[in-house]
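Chemist: Protein sequences appear in the order of chains A and B. Be aware that the first sequence starts at 1, since it is given in the UniProt record's numbering, and climbs by one per residue. Be aware that the second sequence starts at 1, since it is given in the UniProt record's numbering, and climbs by one per residue.
Take every hint as true, because none was put in to throw you off.
Using 27 Å as the maximum straight-line C-alpha spacing, the simulated DSSO-like pairs for lysine-lysine come out as follows:
no.: 1; chain 1: A; residue 1: K106; chain 2: B; residue 2: K803
no.: 2; chain 1: B; residue 1: K803; chain 2: B; residue 2: K817
no.: 3; chain 1: B; residue 1: K629; chain 2: A; residue 2: K106
no.: 4; chain 1: A; residue 1: K107; chain 2: B; residue 2: K621
no.: 5; chain 1: B; residue 1: K621; chain 2: A; residue 2: K106
no.: 6; chain 1: B; residue 1: K608; chain 2: A; residue 2: K107
no.: 7; chain 1: A; residue 1: K106; chain 2: B; residue 2: K608
no.: 8; chain 1: B; residue 1: K642; chain 2: B; residue 2: K798
no.: 9; chain 1: B; residue 1: K817; chain 2: B; residue 2: K798
no.: 10; chain 1: B; residue 1: K621; chain 2: B; residue 2: K608
no.: 11; chain 1: A; residue 1: K106; chain 2: B; residue 2: K798
no.: 12; chain 1: A; residue 1: K107; chain 2: B; residue 2: K803
no.: 13; chain 1: B; residue 1: K887; chain 2: B; residue 2: K981
no.: 14; chain 1: B; residue 1: K915; chain 2: B; residue 2: K674
no.: 15; chain 1: A; residue 1: K107; chain 2: B; residue 2: K798
Here are the in silico distance ranges between beta carbons for each label pair:
no.: 16; chain 1: B; residue 1: S496; chain 2: A; residue 2: F121; range: 53 to 63 Å
no.: 17; chain 1: B; residue 1: L739; chain 2: A; residue 2: L101; range: 25 to 35 Å
no.: 18; chain 1: A; residue 1: Y86; chain 2: B; residue 2: G758; range: 44 to 54 Å
no.: 19; chain 1: A; residue 1: A29; chain 2: B; residue 2: R396; range: 33 to 43 Å
If you're looking for bench data, these hints aren't it; they were derived computationally from the structure. Predicted, not measured: the structure shown is a model, and the values here were computed from it. Note that the Cβ used here is the ideal one computed from N, Cα and C, for glycine as well.
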Amino acid sequence: MGDVLAWVLFFVMLIAIIVMLVFQLMCLADLEFDYINPYDSAARINSVVMPEFITHGILCFLCLVTGHWVMSLLSIPYLYYNMRLYIRREQFVDVTEIFNLLNREKKQRFFKLGYVVVLLFITLFWMIFHALEDHH
Amino acid sequence: MGTENPNRPNYPLRPAASPFAAQQSTTPFLPSGPVPGSEASAFRPAPPASSQFPTPPFPTGPLVGSEPPAFRPPPSSRSNDLVRPPPSYGSPTSGFQRFPTPPLTSTGQVPPPRTSLAGQAVVPPPTRPSPGPVSLLSQPQPPSVPMGTPPQSIKTGQSNPNVPLPADQHFSTSRPNTQPSSPPMGPSYATPRGTFQPAFPGYTNTQPNSVAQAPPTHPASFPLQHGGYAPPSTTPFLAQQRGYVPGPPTSTPSGLYSGNQVQQHGMAPPIATSQTLAEDFSSLSLGSVPGSFDAGLDAAALPRPLDGDVEPKSFAEMYPMNCSSRFLRLTTSGVPNSQSLASRWHLPLGAVVCPLAEAPAGEEVPVINFATTGIIRCRRCRTYVNPYVTFTDNGRKWRCNICSLLNDVPSEYFAHVDATGRRVDLDQRPELTKGSVEFLYMARPPMPPLYFFLIDVSITAVQSGMLEVMAQTIKSCLDSLPGSTRTQIGFITYDSTIHFYNMKSSLTQPQMMVVSDLDDIFVPLPDDLLVNLSESRSVVEAFLDSLPSMFQENTNVESAFGPALKAAFMVMSQLGGKLLIFQNTLPSLGVGRLRLRGDDIRVYGTDKEHMLRVPEDPFYKQMAADFTKYQIAVNVYAFSDKYTDIASLGTLAKYTGGQVYYYPSFQSSIHKDKLRHELARDLTRETAWEAVMRIRCGKGVRFTSYHGNFMLRSTDLLALPAVDCDKAYAAQLSLEETLLTTQTVYFQVALLYTSSSGERRIRVHTAAAPVVADLGEMYRLADTGAIISLFSRLAIEKTLSSKLEDARNAVQLRIVKALREYRNLYAVQHRLSGRMIYPESLKFLPLYGLALCKSTPLRGGYADAQPDERCAAGYTMMALPVKSLLKLLYPDLVRVDDYLVKISSQAEELDNIRKRLPLTAQSLDTRGLYILDDGFRFVIWFGRSISPDITRNLLGEEFITDYSKVSLSQRDNEMSRKLMKLLDRFRESDPSYFQLCHLVRQGEQPREGFFLLTNLVEDQIGGANGYADWMMLLFRQIQQNA
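I would like the entire structure built from these sequences, with the hints used as guidance.
Modeler: This is the structure in structure tokens:
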């Protein structure tokens, strides 16, 4: 039963990360089509960058603590990438150069999104698997 | 060659040309006839153009004369300048224009001589949309490409005519000048090649010698090995003298060293003929060339922009309704018609825009008030009405030239259309006839001009005397600040605390308030810190008078820059305006404090090197973004003798449309004139406030990136809190559609701004450019100045993310790719294996590329420039208009001792003295006195064995001492007066910066190296290549995989 709960928790956190990523992508898209000015766009994106990083950090930690080694290993590349951005102080989008960096920022987030979606499916699988197992 | 063939026949036929045709044409034709056509076509344009132009443009009469004989680049270059566009339309047009233009306008057709042209024209269809030019164009140069061809043919035709007859119209003016200067020219022209030919040979001989680089004998050996550099120029000559033969632009002469000789050969040799032609040339003797060249000049066969930047006139004449090239310059006036063609154009494709460039008297931009009708714009794409819109339906509708939408004409704006489709009220509608207009537009009450000063008053500011000079200058400018009675002004000073000044008009003395809490800044009396200048005038003056003495005793060494900046932001954010920052030390307190960096040699050459050139603290970028948002422009004046992290401070200027002024080791005794002039100009020049700029262009093309000092507010909208005439912006184009179906692409620059007088205005510049299907045509229409401007911006941006070396290599690589592509275009069928070829329009490209790699932001490594200097120069170059940039890259070097010593009529002499010398140590004579002028400073170089008279007269008795301590001032003797007058003349030519004099004596190290030798871009400096080596290097790389 504990396993199922853990997987549900992972699932919810991954959903949260996906939502934050999609939100960032939407802001970038709005910016590209001139629905929003760069100041607001950058402020909105930057406001969810740290929550995204932290959520994922907690996810990794929980995976580790609950003994889901494979899952935590799978999360580590993502974590490493985030850490790297953070250490280089590149985690936030730069208002002044946002238009020049638009494509890069978008690509980066699309990759992240894809990665998280894969994790999500894995989680979903294990969640259902464990739920069925419990059921039996 | 096809074109050539047609042309050639033409030539002989043509009256004017006939002489030429006979000699030149014949030779070339015969041999080349079959093959060379293409080559010829490509080059031809240039030659003719050169011929035509050289004379006119250059008063340098001598040059002209020289040209024919020499072929030299110099002539060509000159010619080029004139011609630039020549190759394609430009040249022809230009040529035409001068001659033909008159005809064109009137008849549209070429004059009688032209008739021949017309005949030629037959071949190609009129590719151009442009009306006037079309006819000319029509004479496409069949051989090369549809587009290109016409011009060539034209050119050729023209050139001939020019020489003999017609040219005169336009030329007449120019020519007279030239002739006097260079008597030889006139005659030379008249006389067919006969005379010249001899000259050529001579040249060749002489040149090699003269060319320091080149080995003596080279002509033979070298030419073969290396392509000639001269090529283009030579061609022109040929054209002139010989006729059109030169047509083959490709012929670029051979040997670098031998250059001239080779070139000549190259010229001739459209192809197979090359050999024979070469012989022809070689037979020429130098002797014939009367001292057309100045000492030193001949030496180099390599092309040099000794006439500075010459804007592409021919293109402007093709589209007379285009805005002036002062405002908008395209890197190539031929827009590629397909993405595949664009991808073969390895140079940047884009434009350099200087929306507020100063117009000479009489050419002011007309202001139009559309109060009754509202401004006429396209419903869909928002394009402003311009000369290229067409009226249909008897004047009731107009078709947008950019998106082709049919718009209704408001009834108040209606006018009948005559039989030719012109509105009857055309002469009262400047917006329908002029490429540059201003519309009045009153959407909301505009902001007043606002100047806010943020002044560092720490100990160094006081000691260096900066504070005093600055206060005096501001005071003296109070009367001439733009905006008359609306102008607002305010001051904050800071050291380790922040001082606010209440300047309410009811006070007699300013009231100072000190805030020492740097973490949580609050602004006392926010309403009285910014005051109306005319109301509080006496208080402001009292403040400025007392400012230097107020801090006389200040020994504070700290600088709370960040908090003071925030305070200034709080005060200004209501209104926006201009913030002038005077910073003397590294910000050391509060938010935004910076640390020493950049003194670590080990960082250079590693991946972290670029970190030195980007702002260290995100605070600065964030502040810059906030400033822009609230329409505040920041100008940074930095004075420190130590590291001040210009990289970080300059960010404020970069994103707010401002600029960075850097006075390293400021000492009021030395630098006060410079600061005074530049600050006064900054305060008093006409400024456009709270501006935004957008460049619209026709369907299928799109501006994708922008480069300069501004911030993007949306994908294509530049936010410019303040703009003035000294700022230019560059943008790159890309094609959105794989194939453009239109024949012309229109560009419209719209700058919406508030004038100092309180009007909201829109300045609109419209330009049209032909779409071309041929790469050769693009090359022919290229504009070196705009290309280099874009190159330098791209390179400087690259230094912010990678190593200096990478940025330099990128420049080199693009030049190589471009020339290789060009070579592939022509070389194969012409068997030019041993020569370097390049289009006439780009003949200075390699040199400017080299100069760019040696410019302060890009040069060398750790030891070659201080990080601050690099960054300051980088920020400056990002905003420089094309002309100033080219002058900075390739400064003027002139010799003045003869002028000073001689007693003669001054006017004439002054013109003579503008004879620029190549930037190489060989140009310097130990007995001479030289001035190097890069637009930012004068370096006055005293030869080692200069006559003591001169030094004594100019410097007084102290001349023996250290030159670094001598300041040049007017003394009571003729020589000194003359020199000062001369310097003033130089300064007047570009008032945007003040050139401070640096005196250098030959052999006085390290000053000589620092001031002069690093600026001799043609010499080998440190690890960097000299000009000849550079060309060899490029040539070798072009050959690879060619």
